[in-house]
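Chemist: Each protein sequence line maps, in turn, to chains R and X.
Counting in our numbering, the first sequence runs from 1 upward without gaps.
Counting in our numbering, the second sequence runs from 1001 upward without gaps.
Misleading hints may appear alongside valid ones.
[Stated by the list, open to error] Straight line, CA to CA, 20 angstroms or less: simulated EDC-like cross-link-like pairs of lysine to aspartate or glutamate:
| # | chain 1 | residue 1 | chain 2 | residue 2 |
| --- | --- | --- | --- | --- |
| 1 | R | Lys6 | X | Asp1191 |
| 2 | R | Lys6 | X | Glu1061 |
| 3 | R | Lys6 | X | Asp1068 |
| 4 | X | Lys1127 | X | Asp1096 |
| 5 | X | Lys1147 | X | Glu1272 |
| 6 | X | Lys1127 | X | Glu1088 |
| 7 | X | Lys1147 | X | Asp1068 |
| 8 | X | Lys1168 | X | Asp1191 |
| 9 | X | Lys1127 | X | Asp1068 |
[Claimed, not checked] What the simulated footprint calls covered on chain R by chain X, stretch by stretch (three residues with Cβ under 8 angstroms from a Cβ of chain X suffice, anywhere in the stretch; the number is not a length):
| # | region |
| --- | --- |
| 10 | 78-88 |
| 11 | 145-159 |
Calculated from the structure, these hints are not laboratory results.
For glycine and all other residues, C-beta sits at the position ideal for the given N, C-alpha and C.
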Amino acid sequence: MPNYVKIEVLRMLRNRRYIIFVVGFPVVFYLIFSGIWGAQTDSGGVRAAVVLMVSMAAYGAIAACLMSTAVPWAQERQSGWLRQLRVTPLPGWAIIVTKLIASLLLVLPSMVLVCLAAVLTQGVRLPVGEWLVLIPALWIGAVPFAALGLLLGSLLPADAAQSAAMISTFGLAILGGLWFPVEIMPEAMKSVVHAMPSFSYADIGQHLVAGDAAPPSAVVTVVAWAAVLGTAAVFAYRRALARA
Amino acid sequence: MDAIALTDVSKSYGNVLAVDGLNLAVEAGRTVALLGPNGAGKSTSINMMLGLIRPSGGRVEILGGSPDAAVARGEIGAMLQSGELIGELTVRELVDFVRRLYPEPLGLDEILRVADLTELARRRADKLSGGQAQRVRFALAIAGAPKLLVLDEPTAAMDVESRLRFWKSMRDYAAEGRTVLFATHYLEEADENSDRVIVITRGRVVADGTAAQIKSGISDQVVRFTLGGQPVAGLDGLPGVSAAEISQDVVTLRTTDPDATVAALYRGTSLEIRDLRIIGADLEDAFLALTRES
């Protein structure tokens, strides 16, 4: 299976769409936004350069999970590659586990690049202990989005998966307050925002960089979404295998 | 122990019976062609042998157990009818990935050599021609050194030259005492590359033997003539005639003894015969006769 993870990661790193939309965009957005607003500080005294770093890392992670999982997986089901794997000794569960691991590994490039850009261009400095909590939290917190990617890829044909991944990424980014601060949204939308896994996911990161502990409600929200989407993804995956 | 044993296997999709009480057994070490026209049930049968679809009835046994068990042990390699590769990976990466899934695979260089891919090893899969991609899919099928190799219309999308090279690769692989089953609707392919031909049509076995036996079993010749509007009753009762067909004004008689048939046609009837021709049987005819009989 390590070998399978390796080729899954390798193929995405050679995929132009992944490099541009998933790895490139978050860093470029970070550079633009932090160039304009980076010096401002919020009510808690945290610089916007730091807040934006968390937001863009979160956005990059969501994009990576959806783009690098849903679309290739839907294509593999349609193109017959899945059938080819089904006549090898590779067990069915190994395919979905590999996809999950590969998807989480593919989150790292954009996350690391956004953080590097923050450190290098905005002089962001966090205590070592905070980095060591922040990066793993953002990384593991991406599980619900990886599950969503697998779910879309199992349910939809390749073309539809492409659009669905796009819409989900932007929807989660906007409704999670990753692109615009939640404060400027209308009151009615705020309750929607607070139910979004992307909001809680980024919120955990924002608390960590402010030197606080992760709010339990946000952790519960992310875990609940991970459980729901994970279960749905497993069911959809089994159905997709049976139809391969 | 047979490599493949199908007992009364059927598969229906809604009201359509794709495979209808199929019985066949393939001994280990043989190269067998599954020959039949499009829609005969070849792919459905193959997919059942591979465990990709479940039969509606009957029993499928592969290498002494269920297809799933044989696949899990790495004893089956298959080239399915369609299947794209992962475009971003090179030929070498793809082949190496698949071979490592098997417990006792062939060596990477050996696979590339047998499948005639050594020169293409570093090329990305999305830069391959149709015939080259087929060779890669063949390489994936043999990568695990499977005891049973199953190929579903492997030469579709290949030009003549590629076909010749492909069959040579297949024979090299089979020569090591392995069992190969391939589906085709090309008679020449079945004739030249197998030691046994199983003909299936509408989901049933209609003939089974060596290519030579199948040809000799259908040694019919064809007597064809124009009859105009004259009555056709009784033509199928002429000596030697096994089948009669009338299409517009042209009568086609399939006969085991053209001399007797023609003699009776002239002496025994008062019909006015025009454009009489006697056509010898070739494999194509044999095949058509078999498919028509069922």
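Chemist: If a hint holds in the structure, say so; if it does not, say that too.
Modeler: Checked hints:
Distance check on the hinted pair: R:Lys6 and X:Asp1191 sit about 43 angstroms apart at the alpha-carbon level, beyond 20 angstroms; violated. Annotation: proposed proximity of R:Lys6 to X:Glu1061 is violated, straight-line Cα distance about 35 angstroms (limit 20 angstroms). With a C-alpha separation of about 26 angstroms, the suggested pair R:Lys6 and X:Asp1068 falls outside the 20 angstroms cut-off, and the hint is violated. Between X:Lys1127 and X:Asp1096 the alpha-carbon distance is near 18 angstroms, which keeps this suggested pair within the 20 angstroms criterion.
Among the hinted pairs, X:Lys1147 with X:Glu1272 is inconsistent with the structure: their alpha-carbon atoms are about 61 angstroms apart, more than 20 angstroms. Our distance criterion of 20 angstroms between C-alpha atoms is met by X:Lys1127 and X:Glu1088, whose separation comes to about 9 angstroms. With a C-alpha separation of about 15 angstroms, the suggested pair X:Lys1147 and X:Asp1068 falls inside the 20 angstroms cut-off, and the hint holds. Distance check on the hinted pair: X:Lys1168 and X:Asp1191 sit about 14 angstroms apart at the alpha-carbon level, within 20 angstroms; holds.
For the suggested pair X:Lys1127 and X:Asp1068, the alpha carbons sit about 34 angstroms apart, so the restraint of at most 20 angstroms is broken. Chain X is given as covering the region 78-88 of chain R, and this holds because 8 residues of the stretch bring a CB closer than 8 angstroms to a CB of that chain, at least three being needed. Look at the region 145-159 of chain R against chain X: 0 of its residues bring a Cβ nearer than 8 angstroms to a Cβ of that chain, fewer than three, so the hint is violated.
Hints 1, 2, 3, 5, 9 and 11 from the earlier list are contradicted by this structure; the remaining hints agree with it.
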